[in-house]
Amino acid sequence: MSKRQLAMVMDLNKCIGCQTCTVACKTQWTNRNGREYMYWNNVETYPGTGYPKNWMELGGGFDAAGDLQPGVIPNLEADYGVPWDYNYDALQGGASFEPNVEPTWGPNWDEDEGAGVFPQDNYFFYLPRICNHCSNPGCLSACPRDAIFKREEDGVVLVDLDRCQGYRYCIAGCPYKKIYFNPKISKSEKCILCFPRIEQGLPPACAQQCVGRIRFVGFLDDEESQVYKLVHQYKVAIGLRPDYGTQPNVYYVPPTESPAKFDADGKIIEGSTRLPIEELEKLFGDNVHHAIKTLKLEMKKRKETGESELMDILIAYQHQDMFRLDNNYYQIVAKEKGRHALAPIDTRYIAGKHTKTGHVMNFMQGEDFSGGYH
Amino acid sequence: MKKATNTLIVAGMVATSLMAADAAVSAVKVDADLSKISYSSSVWKDAKFSEILLYPQTTIKFNDKKANELNAMSRAKKASVAAVYNGKNIAFMIKWSDSTMSIQEGLSTTAYPDGFAVQFAANYSNPEALPYIGMGSDGRPVVVHLQKAVRPFFEPNGHGDVAMQVNPNQTDLFNEDLEKFNNKVKKIGSNDYERSFISEGFRSMTEIKDGSNNSYARLSYKRDGWMGTLSRPMVDGYVDLSAGAIPVAFAIWDGDKMGRDGLKNLSQWLSVKLEGRSGGDELIAALAAQAPGDAAAGKEAIAMNGCIGCHQVEVTDPVNFMGPALSNIGGYSTAGYLKESLVKPTAVVVPGYNRNAHSNDMWYTEENGKRTSAMTDYSWLDEVSMNNIIAYLQSLKAEVE
Chain Y
3 MSKRQLAMVM DLNKCIGCQT CTVACKTQWT NRNGREYMYW NNVETYPGTG
53 YPKNWMELGG GFDAAGDLQP GVIPNLEADY GVPWDYNYDA LQGGASFEPN
103 VEPTWGPNWD EDEGAGVFPQ DNYFFYLPRI CNHCSNPGCL SACPRDAIFK
153 REEDGVVLVD LDRCQGYRYC IAGCPYKKIY FNPKISKSEK CILCFPRIEQ
203 GLPPACAQQC VGRIRFVGFL DDEESQVYKL VHQYKVAIGL RPDYGTQPNV
253 YYVPPTESPA KFDADGKIIE GSTRLPIEEL EKLFGDNVHH AIKTLKLEMK
303 KRKETGESEL MDILIAYQHQ DMFRLDNNYY QIVAKEKGRH ALAPIDTRYI
353 AGKHTKTGHV MNFMQGEDFS GGYH
Chain Z
60 MKKATNTLIV AGMVATSLMA ADAAVSAVKV DADLSKISYS SSVWKDAKFS
110 EILLYPQTTI KFNDKKANEL NAMSRAKKAS VAAVYNGKNI AFMIKWSDST
160 MSIQEGLSTT AYPDGFAVQF AANYSNPEAL PYIGMGSDGR PVVVHLQKAV
210 RPFFEPNGHG DVAMQVNPNQ TDLFNEDLEK FNNKVKKIGS NDYERSFISE
260 GFRSMTEIKD GSNNSYARLS YKRDGWMGTL SRPMVDGYVD LSAGAIPVAF
310 AIWDGDKMGR DGLKNLSQWL SVKLEGRSGG DELIAALAAQ APGDAAAGKE
360 AIAMNGCIGC HQVEVTDPVN FMGPALSNIG GYSTAGYLKE SLVKPTAVVV
410 PGYNRNAHSN DMWYTEENGK RTSAMTDYSW LDEVSMNNII AYLQSLKAEV
460 E
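Which chain is which? The protein sequence lines are Y and Z, in order. Numbering-wise (our numbering), the first sequence opens with residue 3 and increments by one. Numbering-wise (our numbering), the second sequence opens with residue 60 and increments by one.
Chain Z on its own, in the form it takes in the complex (with noise of 0.2 angstroms):
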């Protein structure tokens, strides 16, 4: 038994070094202006397309009934990434097939749009330990670009204007003035559904309107599929993506499942190369990491160490409000980040429900603001077992569609 887990060993650590050559996402340098593009622009004709997988996000369960129907047995997509940079800034395109386009739009409480989200780290200068993947964690902060298929609407507050947001009979203006003040709100209340936030952790997510943001993002839907596209500068007041390798997220919504925030798909954190910049190995070695252990004794120590006591390991497991549900945890999660949860398990407490929602599981203690998360430390597991149970959370993920 002993001789054969060394041999895992080893196969395992030869297979992390050949995948560490290659990056997830090859970002091509280019030389054409990259701050207002869309999926037309012909400089994806240079760039090179990577295929990447997007995971249901099953670590929180919401409270909609016919939207968990809906979503019960979602699978992985496939999406085609790819991403160019010219210094100044750097582009993405997300290609993803669905086959029902649903764009939100007229009066309707039950219509949900299809969208896309790029999500970057304020600082991954340690590889080993990211952001948590679900919109970041305490003290580790990441931006993310939203752009969602809703019909550009009438928001008088759009552009935190209150005052335009009266009813025009009630105020005291009359004829041209009436007219003005009306044209007035139209122009400030149409939208663009395009939202940049900052967050460390889903539930403090919060828009960026400090008028710092010069993201672009665009949608558009052809054969069957959605085309994001997104620009921003590789440097701004929130994150540097200007090193060898940068950590990039990506995450889907499919509107025809009622999906919106927490119901998606889901990325783990990607490598993108920037080609022609040195550096960036260890990040891209690190997020293509394979635990080098045998998954079917981590599935054997993870039910020795009663872990569903707290969590929902596999699907068929019963649902708890506890920890977070792992059933998709392999699909999002990397390597790194399970060794952390394990060994440190108040380095990431994720932000979960609402502590009123399920207020007979405390997850989490707080003094000053810091949480302490309620999971056993393990870091006193031997390094087989510890290698065996990242292995058997790794291979925790749907199918792919």
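Extracted from the complex, chain Y is given alone in its bound form (with noise of 0.2 angstroms):
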């Protein structure tokens, strides 16, 4: 457990799946050497297969006993899709469009395919994912090398890539398989809450582009913040999968919202739901009908009397009052471990530990980072 915690909500009844997030993570993040494949945020439709196909099949996490689960490594090719481009210069001398690899599988294969019989009773919902950023990971507690770390000043998990020795065993332990396996520089990454954009007080990347507004970022012990209020004060914002143990902290607003189901002649069944309640409760564990409850006494009330603050919060009048960063905080922090600010550090290998001394690390900008750090 981290000093502080950083957590993301996301409010599911206004996510609409147009993938800004999913762009905006993957032009930061993911569009080169060697993670073209991976998805540090994706929005899948639920149900269905997810990224990758079939995750919350695969294992991980932790058991009642607080026993990490053995788990399954997803396989580049069959689970998460072999990314494929298109032959945009070949087109000029009059060439067919193509695909420079056959499609087999990817991301989003059964985007809004559902479940349910069209028209009388399907339904799905859009459900963005990112790292959990766990209180415990099964990333963490799997790794052999303890290459993986959880940051003392905001709980952000990251992986040390020069400890990293791309065993895999993160993957397999992850029940969210939200870390991925780098096949060209033979190492694991993930989602490092855009960290290095965290500490200048922006929010991530996935939160900032987000056209429905659906992603608050704050410290879940910052009363003033927004995500405070959703998940302490109104306990409507849940984990994902509360049952892998995993203590999760990104937050999900349930979908409260769905249409009615029609009957044979294609009349409205009144007072029908499509969205089953035994889909949320295994999504988000029995807390969800809790959360429910608020949202719709908040939502009549605001109704009636024209005032609720749940409400006003998940309208988002104002984007930038959805997150809640402290860019001064990252600052105090740095001076007083005196360290470069914005060096994803893990101190416990420092030189001298094992290794003689350290070696230089050079970063682009100010000093370059020697001795004593590995």
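I should point out that these hints are in silico values taken from the structure, not numbers from a laboratory. Certain hints may be false.
[Unchecked claim] Computed spacing ranges between beta-carbons, pair by pair:
1. 160/Z <-> 289/Y: 32 to 42 angstroms
2. 299/Y <-> 166/Z: 46 to 56 angstroms
3. 289/Y <-> 239/Z: 56 to 66 angstroms
4. 415/Z <-> 225/Y: 36 to 46 angstroms
5. 320/Y <-> 227/Z: 35 to 45 angstroms
Even glycine gets a Cβ: it sits at the ideal position worked out from N, Cα and C.
Join these two chains into a complex; the hints should help.
Take a look at the structure:
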């Protein structure tokens, strides 16, 4: 457990599945150097196979006794999908439009399919997913090299690429399959919660670019933050699959609104709802009932009285109010620890503990970071 | 009964003294330059090959479901090992058969390479208290050289150069400058998967990147088997291998069985006699020692003392996350280590799982960075029982493939 915990809340009632978050993340972090197949942020259709394929059935996480469960490492071709591109250049010469690899699987292969029978009772909703920066991370517990660490100052879970040897037990250990193997550098990589942006007081790219304004970011112990209010005060935001025992720090406002079902004649069945509560129970546990009750009550209150702080927060009138990131905080932490701001350094293996000296890490900007850390 | 035991002790002692004459491997003195050699170097013509056994690592069970299924019935493997030295460098060759050549290359998340590692002890003055076989232990560091069958790959951070890790489109460079940048990235990015580590227990393994490492390892696949060679200075900042005999351990990985990290076969500490140098007899004897006890009686004693409460002793016993599993302990432990573990459990605390992975199994307590094992101290055992138990533990090992 870290001293403080940065968290994100996503309002599933408002997600339109536009994938702007996915693209924001991809262009920022994963469009190069062996990360092409990775989606640190993805938006999947639920119910559906998800990304990677059937990730909920691949093991990992903890059982009730707190023992890490074995898991399966997904295959790039079968479970993630090999990214393909098109022959744009050849089109000028009159060639037909072809992908460079035969597409056999990919994220969103079953987008918008959902479940049920159209038009009677079909349904789906979008489930955007990033690394949950868990308080009890499965990836960290699985690593036999101590290469994964959770930052004291904000609970962001990071891979120390200097220590990572590409064993991939982390992938088996993460029940959300949100840590990936980079075959080009033979190391594991994952969502870093855009810490270089966070440390400058900017929200993660996925949250800032979200056109539906579904993402809130802030510290869980900051009572002024909307994240605190949604998670702790109103308790309408719940972690995904809490039964995995990793204590995730990305919280979801469960979808409460879904259309009524149609009967065989195409008439509305009054009082019915397409979204089965069992599905929400599976995803969010029993607390989902309380969350839905609160949301419905507040909605009613808003309709009747015109006032509800919770509804105002969820409407998100001002985008900047959704984020409460104190950039001075990181400057103070860096100063206290006497280290380079923005240096993702795991201090457990500083020089002298095992090797005789450290080695130099070159940074693009600012001073080189030498001796002491590796 | 007492008479029978006495006879056994005598027989055991005779066996010990006979074995003491032979080191597991003989390092031949040569004049040739050994700084950069491979399997095809002529120097191996003069070398003496000995057969060694490498046992599947089962002390720790990993959380990869498929890999565990593939390795559930793993057996011990035979390998052929030779060593040569010239006073400045020492070189090793290990040959083992592997019908599947596994090379990690291309874009795959589920490909694992074959490979080998050679481990040296930083301090071996007391052969009864060597570093833990699994990459050393607190205060007893080892140096591990690792070579894996990975195609040279692009790693912008391979030389710690983070500045070269940006997308070329995100630099402010154009035309010639951009080409220069790309060429530099390509040049510094190609890495052979040869690594050297210093380690005080397997969690703590840290790559030596201070520029002091002058080892050279090669791996070649010929006729259904691998040949791995390693040459390194006899003395560097971390180890001194210039004694009459030195302890060395080997490990091999089978990529076809998703082998990596602890999913490997490893030897016990083997004595390597440097021919022509005096000394080291004590080490050679210690590493070959068989406890003069009755294994069957030892098995009973283990059952009586409730060892199974924390350890998975035989493969058929239930998995236990508290103590190390012992089903192959005889394959990769020396009698000295087993005795030390019984008498002074805290001398070597196996680093084991991340404590968070099995948080209810507190197999050690930690105070000021010093680990104290949760295991009961068995120094009160009489010598006969102790020898019986050690003899039994030494008999716990997988069959040879």
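Handout entry: List of violated hint numbers, smallest to largest
Key = 1 and 4
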